[in-house]
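2 protein chains.
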Amino acid sequence: MTLAVLIDGAAPRDLASGVAVNERGLHYGDGVFETALLANGRVRFLEQHLERLNEGCERLGIPVPDRATLLGEIERITKPLRSGVLKIIVTRGVGRGYRPPANAQPTRMVVMYAAPATIKAQIAVQWCETRLGRNPRLAGVKHLNRLEQVLAQAELRDAGVDEGLMLDTEGELVCATSGNVFVVREGLLITPDLRFCGVRGVMRRQVLCAAVQLGIATREEPLWPHDLNAASEAFVTNAVRGVQSIIALDALHWGEAPVAAALRKALGL
Amino acid sequence: MTLAVLIDGAAPRDLASGVAVNERGLHYGDGVFETALLANGRVRFLEQHLERLNEGCERLGIPVPDRATLLGEIERITKPLRSGVLKIIVTRGVGRGYRPPANAQPTRMVVMYAAPATIKAQIAVQWCETRLGRNPRLAGVKHLNRLEQVLAQAELRDAGVDEGLMLDTEGELVCATSGNVFVVREGLLITPDLRFCGVRGVMRRQVLCAAVQLGIATREEPLWPHDLNAASEAFVTNAVRGVQSIIALDALHWGEAPVAAALRKALGL
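Just so you know, the protein sequences line up as chains B and P, in that order.
Counting from 1, position 144 in the first sequence corresponds to residue 144 in the working numbering; the numbering is continuous, with no gaps.
Just so we're on the same page, the working numbering is the position in the second sequence counted from 1, plus 269.
Simulated from the structure, these hints should not be mistaken for lab results.
Using N, Cα and C, we set each Cβ at its ideal position, and we do this for glycine too.
It cannot be assumed that every hint is accurate.
Restraint-style ranges between C-beta atoms, simulated for each label pair [unchecked claim]:
| hint | chain 1 | residue 1 | chain 2 | residue 2 | range |
| --- | --- | --- | --- | --- | --- |
| 1 | P | 396 | B | 97 | 18 to 26 Å |
| 2 | B | 159 | P | 337 | 35 to 43 Å |
| 3 | B | 193 | P | 525 | 45 to 53 Å |
| 4 | P | 388 | B | 118 | 52 to 60 Å |
| 5 | P | 495 | B | 81 | 55 to 63 Å |
When you get a sec, could you build the whole thing from the sequences and use the hints?
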């Protein structure tokens, strides 16, 4: 459910309108976004979300939004609420044709959605057929070109399955449809390095930092499907859902997940 | 310049609004589009555009728009005009989260823009640094995930350059930033096969058909940058701009372009 919307600081008349006809976010996916959790009246990891938003804008050559303006809008929209999901979209603004306008006037959208009713600490996952194309130019950026994720989630038809794991076109493990993936192997915490595709998640980074604090050795390196077979545990990270232990993947099953539990505790999730 | 807009059959109050806040086309690029030329009061190759639009919807699992409804909207919007550029967007509609809604209500957008002031029959092109990711799942579809094209056109800073040629991440020649590319070699007309990426252009297909009618042998096969060196002529095709002969690419120059000329004549361009 959509609770509130600000587009460039103004509330649209209704949800059925408010976005410009020639919005480049619509025509080309020419923008970036963030999805953060509002809990107890505070946006979790807000600084980290804003930092990544700015990095994404810089990668795409979109003018970074004014910090005070954006913070003011987030403050306004979250103030009446205790919990929810905050989505921030920044696009290159309106314009016609692929070529970015010389003086782009970015669009800021700040939207509040209701918080998910429940967040599972344990999930069952499947492999997705839909692959991720490789393109280092866009790798890591949380941009608005998300058709691959849409098609991958369309595959999740089994009511007992919560998430899907995605490979890139060469068969490397990259991520979940809406989160990053980690495996634990011989006490080492490993996550794909995302050099070709995938999003550098805010929760992914928090987990890597927390692991260092806990004395758990970490690595960002290429992973393949067979790395799940050798994993003593595996989990998915997402800014809203936190750290979700994978308990089932086809014929594979996992029980105890001490590393995920320690990370959740360390991060206060 | 935007001349007229219909969103699901209704004209929005103004250009600054009209698109829904939770439009999946904006959030995920979850849709397809067509760009066609209106000339002398008629939409050129309208049937072919509608056919590809439907194919794109089917590839993405978006319900195909009702033909009579869409044709009626195109008729309404083009009737007062003699010339222009018609853009049709069909998205999966509104919705929250990557997962496609079970009962998607697609959004139809029909927009008229002013026709380009001039269309060059001869163009200078450059190589783009921005590469296209490979993903057979999306190859050929004119979908709304177009960040690669945006970033490629941002490279076209030289006023003497009209277009850019794009390679995929493995170095194969795929297309121009907003068109398909053809080369002529020993009388043979060759265009990339687009098995990994790129858009199956309406004008590309018309050119391939016209070549067959003219007795010119055609091939769709992998091409590489060096294939330009061996080309007796090369051209870019686009539904609005037609067939544009490449006369310069870095140190390469071409003069006479009899095949492009014959194709333009055969297609009435």
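Now the hints, each set against the structure:
1. P:396 x B:97: 18 to 26 Å: Given a distance of about 20 Å, which is inside 18 to 26 Å, the answer is holds.
2. B:159 x P:337: 35 to 43 Å: Given about 37 Å between the Cβ atoms, the range holds.
3. B:193 x P:525: 45 to 53 Å: holds (51 Å)
4. P:388 x B:118: 52 to 60 Å: holds (57 Å)
5. P:495 x B:81: 55 to 63 Å: holds (59 Å)
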